[in-house]
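Colleague: Sequence:
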Amino acid sequence: MGEGAISMKKAIPIIVVTWILSLLSTLAIVYVAPNLFPTSIQINDGAVTAEKISDGAVITAKLADGSVTSAKILDGTVTAVDLADGSIITAKIADGAVTTTKIADAAVTTAKIADNAIITIKLADGAVTSAKILDGAVTTSDLATGAVTTVTIADGAVTTNKIADEAVTNRKLAAQAIPFASTYSVSTASTTSTSWADMPYMSVNITLSTTSHMIIMFSSEAWLNVEGDYLLVQALVNSTVAYPSHTGNLIVLTRTTHNNTGSYSYIFYLPNVSPGVYNVKLQWKMYYGTSTGSVESRTLTVFALPA
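Residues in the sequence shown are numbered consecutively from 1, following our numbering.
If you are wondering where the hints come from, they were derived from the structure by calculation, not from laboratory data. For each residue, glycine too, the CB sits at the ideal point set by N, CA and C. A couple of the hints might just be wrong.
Okay, the calculated beta carbon distance ranges per label pair [claimed, not checked]:
{"no.": "1", "residue 1": "E296", "residue 2": "V151", "range": "29 to 35 Å"}
{"no.": "2", "residue 1": "A106", "residue 2": "A50", "range": "16 to 22 Å"}
{"no.": "3", "residue 1": "V128", "residue 2": "I163", "range": "27 to 33 Å"}
{"no.": "4", "residue 1": "G228", "residue 2": "D165", "range": "34 to 40 Å"}
{"no.": "5", "residue 1": "M217", "residue 2": "T261", "range": "43 to 49 Å"}
{"no.": "6", "residue 1": "Y269", "residue 2": "D165", "range": "24 to 30 Å"}
{"no.": "7", "residue 1": "A177", "residue 2": "G228", "range": "44 to 50 Å"}
Let the hints inform the model, and build the full structure from the sequences given.
Modeller: Below, the structure written as structure tokens:
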């Protein structure tokens with residue numbers, strides 16, 4: 001080994017120490033240098049003003065939850081698409097804010113209408129139809145004076161107890177409401193027959209719409225040309241003899257002396273006559289046939305009353 005040379009034995013420790021020092025220096029640079037020489041710019045609190053932020057730089061991720069208050073939202077900028085479904089709850093709607101145009105057609109269901117909310121002015125004219133009125137709900141006080149007209153009264157609805165006493169005047173009775181028929185003759189007619197025959201011009205037809213009691217009224221001037229005989233009369237309804245002749249009694253119209261004219265009348269009766277059309281007539285005959293009986297200026301009147 002030459003003079004001044006370092007032996008290997010001495011060199012190894014020197015190399016190891018040098019490597020350790022180099023490693024320590026490197027670690028110091030890695031862990032300490034950033035604190036001594038920071039690579040980013042440090043910004044003081046409140047130093048970033050509005051003009052320091054570029055347009056569009058504040059994205060969703062930069063906003064803290066709850067940081068966008070009402071004052072930060074420009075009036076009129078929240079559109080329908082910005083609102084989440086179901087986000088508009090009752091408390092968010094101002095009183096009176098829901099106008100007619102905001103309500104969808106047919107959206108107001110029965111459950112949405114408060115009790116007694118539908119008052120008179122809410123009902124359109126003609127909106128309350130018959131089906132909407134509860135059966136039996138219209139009472140007397142609900143009917144306006146004169147509201148019940150002829151067409152609103154059902155046929156047969158006005159019964160006897162609905163008509164006030166003495167309310168049916170003559171003008172209220174329709175023609176033939178009380179069946180009636182009448183005839184007269186001023187001609188002279190005579191008979192000597194002892195068999196029943198129709199008296200000339202003393203016949204009428206009458207129509208009954210209901211079972212009725214028939215009243216038959218007859219009057220005439222009559223006389224005999226010879227004393228001692230009797231002029232008899234009877235009334236027929238179709239082929240039925242009216243009372244009292246129906247019982248076999250003979251009705252004597254006159255017993256006057258000959259050539260002594262008198263006026264005579266009689267009323268016949270037939271009860272419970274069924275509905276229908278009937279011929280009513282007077283018949284006459286002489287009792288003995290020893291005299292001629294004559295009539296003149298005579299009338300026959302028939303009417304019927306409900307049985």
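Colleague: Could you run down the list of hints and mark each one as holding or not?
Modeller: Taking the hints in turn, this is what the structure says about them:
1. For E296 paired with V151, a C-beta distance near 53 Å fails the hint of 29 to 35 Å.
2. The hinted range of 16 to 22 Å is not satisfied by A106 and A50, whose Cβ atoms lie roughly 50 Å apart.
3. The given range of 27 to 33 Å is respected by V128 and I163, whose C-beta atoms sit roughly 31 Å from each other.
4. For the pair G228 and D165, the beta carbons lie near 55 Å from each other, so the given range of 34 to 40 Å is not met.
5. Checked against the given bound of 43 to 49 Å, the beta carbons of M217 and T261, roughly 20 Å apart, lie outside it.
6. At roughly 27 Å, the beta carbons of Y269 and D165 sit within the given window of 24 to 30 Å.
7. Hint check: A177 to G228, Cβ distance near 48 Å, so the stated range 44 to 50 Å holds.
Violated hints, listed in ascending order, are 1, 2, 4 and 5; each of the other numbered hints is respected by the structure.
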